[in-house]
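Student: Chain residues, written in single-letter form:
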Amino acid sequence: MGLDSPALAEHVVAAAEPVIPNYGAQSSSCVVHNHLFCTDWVSHNWGPVLWPALRGHILLALVAVSIGFVISLGLALVAHRYGWLERPTMIVTTILYTIPSLALFELLVAPVGPNVYSAEIALVSYTLLILFRNILTGLRSVPDEVLDAAEGMGMSRRQALLRVELPLALPSIIAGLRIAVVTIIALATIVYTIYNEGLGVPIHTALGEGPFKTELIVAGGLAILLALVADALLVLVQRLLTPWTRARAA
Amino acid sequence: MHEFVEAFRFIAHNGAIAGEPGLPTLTHLSLETLRVSAIGLAISIVIALPLGVWLGHLHRGSFAAINLGNIGRALPSLAVLAIGDAFFGLGLTVVEVALVVLAVPPIITNAYLGVDGVDRDLVDAARGMGMSGLQIVRRVELPLSVSPLFAGVRTAAVFVVSTTTIASLAGFSGTLGDVIANETSYHFSGVLGAAICVAALALAVDGLLTLLQRALTPRGLLLADRDHAAAPPAEAALAAPTS
Numbered sequence: 003m004g005l006d007s008p009a010l011a012e013h014v015v016a017a018a019e020p021v022i023p024n025y026g027a028q029s030s031s032c033v034v035h036n037h038l039f040c041t042d043w044v045s046h047n048w049g050p051v052l053w054p055a056l057r058g059h060i061l062l063a064l065v066a067v068s069i070g071f072v073i074s075l076g077l078a079l080v081a082h083r084y085g086w087l088e089r090p091t092m093i094v095t096t097i098l099y100t101i102p103s104l105a106l107f108e109l110l111v112a113p114v115g116p117n118v119y120s121a122e123i124a125l126v127s128y129t130l131l132i133l134f135r136n137i138l139t140g141l142r143s144v145p146d147e148v149l150d151a152a153e154g155m156g157m158s159r160r161q162a163l164l165r166v167e168l169p170l171a172l173p174s175i176i177a178g179l180r181i182a183v184v185t186i187i188a189l190a191t192i193v194y195t196i197y198n199e200g201l202g203v204p205i206h207t208a209l210g211e212g213p214f215k216t217e218l219i220v221a222g223g224l225a226i227l228l229a230l231v232a233d234a235l236l237v238l239v240q241r242l243l244t245p246w247t248r249a250r251a252a
Numbered sequence: 002m003h004e005f006v007e008a009f010r011f012i013a014h015n016g017a018i019a020g021e022p023g024l025p026t027l028t029h030l031s032l033e034t035l036r037v038s039a040i041g042l043a044i045s046i047v048i049a050l051p052l053g054v055w056l057g058h059l060h061r062g063s064f065a066a067i068n069l070g071n072i073g074r075a076l077p078s079l080a081v082l083a084i085g086d087a088f089f090g091l092g093l094t095v096v097e098v099a100l101v102v103l104a105v106p107p108i109i110t111n112a113y114l115g116v117d118g119v120d121r122d123l124v125d126a127a128r129g130m131g132m133s134g135l136q137i138v139r140r141v142e143l144p145l146s147v148s149p150l151f152a153g154v155r156t157a158a159v160f161v162v163s164t165t166t167i168a169s170l171a172g173f174s175g176t177l178g179d180v181i182a183n184e185t186s187y188h189f190s191g192v193l194g195a196a197i198c199v200a201a202l203a204l205a206v207d208g209l210l211t212l213l214q215r216a217l218t219p220r221g222l223l224l225a226d227r228d229h230a231a232a233p234p235a236e237a238a239l240a241a242p243t244s
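Protein sequences, first through last, are from chains A and B. Converting from the first sequence to the numbering used here requires adding 2 to each position, the first position being numbered 1. Converting from the second sequence to the numbering used here requires adding 1 to each position, the first position being numbered 1.
Calculated directly from the structure, the hints in this document are not laboratory data. Worth double-checking, as some hints may not be accurate.
Unchecked claim - Some but not every residue of chain A turned toward chain B, in silico, with C-beta under 7 Å:
{"hint": "1", "residue": "101"}
{"hint": "2", "residue": "109"}
{"hint": "3", "residue": "142"}
{"hint": "4", "residue": "212"}
The beta carbon of each residue, even a glycine, is placed where N, CA and C say it ideally should be.
All chains, please: the whole structure from these sequences, using the hints.
Tutor: The following block contains the structure:
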């Protein structure tokens, strides 16, 4: 019994000191002991830590996918008209897609600097392959007879594109957008390595503090949840924009 | 540009930095990156390829096979590693689990769509010749879907190399990501040098798999391909509009 007491005393001392120094001010016993999940920490830090990270994450992804979509749509329309452009575009976008994210971010920091521009350039470059291929596949999948009918109705090439080809390509385009959005939301967690924004920031903080489990789980969970919600929203958009696909399936 | 010169000097010195003895060489870190990646990819292929091919052969489970792809992508590597770290602590096992979670979906999705998309007339002809189900898979469906099968494996390989380096951010050491995650010791030139190595490694792995794909593609298909545009390299099948 006598032998046990010093060990016990040591344990008490260790427990009294906060394990997570940064959160000392509001440390509940749950946080101090770094239990698996502390709801009080989440509610205290939603405003100052988690919400800004989530908002930054959404913005990063939204800007990247929007820019990526405009570029890919342009490239795909040109490649649709001039077939020889497809191959070089595919080769370049495939190489960009193959470079691991962490490496690409650092490669961009050298010429661009550790800022939002490097982050967005890297994120945009990952959307290109996915979006370009899906938009082009969608445009190509329009049957020749349909195009002939459009021409027979007196549509110009431009009218046929806007009123026949693009609407019919929508399912494939939105399938591409779903992949792109989900991929970019996942990649945006790494942005923190070069630019202090996104859900990677709290993950990084938590890894440095123990690791602090609650923050790891909340921030990681938010990233996953965001991707799933965005994917579900796009499915909804597709249903609203292409009612004919369901009518055909039924 | 100066940074790039310094980065290549770092690579030329195989990761040695003046005044910092005892650092692992770049060769060592690259080999370890490849080893960790190869284990993850191998496990994923063993799990996902037979499952995808089998579902495709039966033309069943399209919803699961295709949507698995999107769910896998929805899991950010760093988030999976962080959550794995919180529950189990970060070791080789958690890293490999994270790699498998990310690599299995693209392999299953592409294997399913590839085998499912094999011309039904060919399968009927094979059956008419008296082939059993297993023979049809081995001698008709697999050779004809080499391209989509490899599209899935190549995508998975890229994810895996990428995530192996990301694991360093979460504190798993031994790979090239260590250099990228440790700018204090290596300075920016070292980080950049390691990033170049990682990119080269990923492109090399993709290139090797492409060569393997060519070697395994039936000669007739290669000849037929020459007439058409090149087959889309990665995840072509994901264009399938599904919800």
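Student: All hints, please: hold or fail.
Tutor: Consistency of the hints with the structure:
1. 101: Holds - the Cβ of residue 101 of chain A comes within 7 Å of chain B, reaching about 4 Å at its closest.
2. 109: With a closest approach of 5 Å, the residue 109 of chain A hint holds.
3. 142: Cβ of residue 142 of chain A sits 10 Å from chain B, so the hint is violated.
4. 212: The hint is violated - residue 212 of chain A has no Cβ within 7 Å of chain B, the shortest such distance being about 10 Å.
Going through the hint list in order, the structure does not satisfy hints 3 and 4.
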